[in-house]
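**Student:** Last residue of the sequence shown: 260 in this note's numbering, with the numbers rising by one and none dropped.
Note that these hints are calculated values from the structure, not bench results.
Since we're looking at a predicted model, the values are computed, not measured.
From the three backbone atoms N, C-alpha and C, an ideal C-beta is built for every residue, glycine too.
Please note that the accuracy of each hint is not assured.
Claimed, not checked - Okay, derived cross-link-like pairs now, EDC-like style, lysine to aspartate or glutamate, Cα gap no bigger than 16 Å in a straight line: (1) Lys223 <-> Glu257; (2) Lys203 <-> Glu257; (3) Lys162 <-> Asp195; (4) Lys126 <-> Asp200.
Stated by the list, open to error - Ranges of calculated distance between the beta carbons of each label pair, as one might list FRET restraints: (5) Asn188 <-> Arg59: 42 to 52 Å; (6) Ser245 <-> Val204: 35 to 45 Å; (7) Thr83 <-> Ser38: 34 to 44 Å; (8) Tyr89 <-> Ala197: 25 to 35 Å; (9) Ile243 <-> Thr175: 27 to 37 Å; (10) Thr35 <-> Val152: 44 to 54 Å; (11) Thr35 <-> Gly76: 30 to 40 Å; (12) Trp253 <-> Arg217: 37 to 47 Å; (13) Ser38 <-> Val63: 17 to 27 Å; (14) Tyr89 <-> Asp49: 40 to 50 Å.
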Amino acid sequence: MKKINYIYTLVFIGFISFTSCNTDDLDPSLEQNKSVEGSITDVSNLYGIIKGSYDALTEAGYYGRDYIVTNEVRTDNCFSNGNSGRFTTQANFSYDANTGYMWDEAYRAIARANIVINTDISTLTGDQAYGKHLQGQAYAIRALAHFDLLKSYGQQHVGGTLGVPYVKEFKGEDLFPARNTVEEVKTFIMEDLNSAFTLMDEAYFDSSKVFMSKYAAKAIESRVAVYFKMWPEAKLAAEAVINLGDYSIISAAAFVGSWAKNEASN
């Protein structure tokens, strides 16, 4: 199991101002960084942080490439011929304790989401209702990333009971948190998705599809429930999305082409 020092996920929101060019500029200083503590004063600050969480999801090591390709080369859908030197470890199932994959990227997304989740919205200036909507997205991201981690590193298919560490703090004293059980991770995921749906507001629906909508939380919940064979829960969550009437399944003829489009209907 790959270990990670969670301190490296600390996020600094800062602006560096260059007023002259000399060797002093090369020396790091605290003035060049703005710590998270005490820096979040307006809802717009949360907007910037949640975008950082989405950015972590799109990294090459996660949805930007590796998560998709890795899960394909471990099936009979495709294979890695080794010409590029990539994905041979995954294709050959020759993992060891130092194999990377999407662990770091997922916990980066989680760390940033936790900043938003643990912020007291009532203390911020700006549109606090929108702040709660952003907080709901953070819960959904945290649930989704832990779900991906559990599917990739959990022991649920090899006879074990251990899942992955379910991290709910931006930082803490425990730099190497213990793995929660699979059942605990499942419970936390469903709790987070419930919080996400409660906090998000359809009034802030993003037609560009850059940000999650309220009912994305229900769609993820349905997928999680199907994975764990929680059929009644899967049905109810899926029906919530279907009965809304705002979404439809893309046609077979348009499916392949949809992957080349931004903001595709699916």
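**Student:** Hinted pair, alpha-carbon criterion (16 Å max): Lys203, Glu257. Please report holds or violated.
**Tutor:** holds (6 Å)
**Student:** Just to be sure I understand the hint, the distance between the Cβ atoms of Ser38 and Val63 should be within 17 to 27 Å; is that true here?
**Tutor:** violated (36 Å)
**Student:** Verify the CB-CB distance for Trp253 and Arg217 against the hinted window 37 to 47 Å.
**Tutor:** violated (19 Å)
**Student:** Take a quick look at whether Lys126 and Asp200 sit within 16 Å of each other, Cα to Cα.
**Tutor:** holds (15 Å)
**Student:** Could you check the hint for me, namely that Thr83 and Ser38 are 34 to 44 Å apart, CB to CB?
**Tutor:** Roughly 42 Å apart at Cβ, these two residues keep to the hinted range, so it holds.
**Student:** Assuming the hint says 25 to 35 Å, is it satisfied by the Cβ distance from Tyr89 to Ala197 or not?
**Tutor:** Roughly 45 Å apart at Cβ, these two residues miss the hinted range, so it is violated.
**Student:** Does the Cβ pair Ser245, Val204 satisfy 35 to 45 Å?
**Tutor:** violated (24 Å)
**Student:** Would the pair Lys162 and Asp195 pass a check requiring their Cα atoms to be no farther apart than 16 Å?
**Tutor:** Violated, at roughly 23 Å.
**Student:** State, for the Cβ atoms of Ile243 and Thr175, whether the hinted interval 27 to 37 Å holds or is violated.
**Tutor:** holds (35 Å)
**Student:** State, for the Cβ atoms of Tyr89 and Asp49, whether the hinted interval 40 to 50 Å holds or is violated.
**Tutor:** For Asp49 against Tyr89, whose Cβ atoms are near 27 Å apart, the range 40 to 50 Å is violated.
**Student:** Okay, Thr35 versus Gly76 on CB: inside 30 to 40 Å?
**Tutor:** violated (52 Å)
**Student:** So if I understand the rule, the pair passes when the alpha-carbon distance is 16 Å or less; does Lys223 with Glu257 pass?
**Tutor:** Not OK: Lys223 and Glu257 at ~31 Å, beyond 16 Å, violated.
Of the numbered hints listed earlier, those contradicted by the structure are 1, 3, 5, 6, 8, 11, 12, 13, 14.
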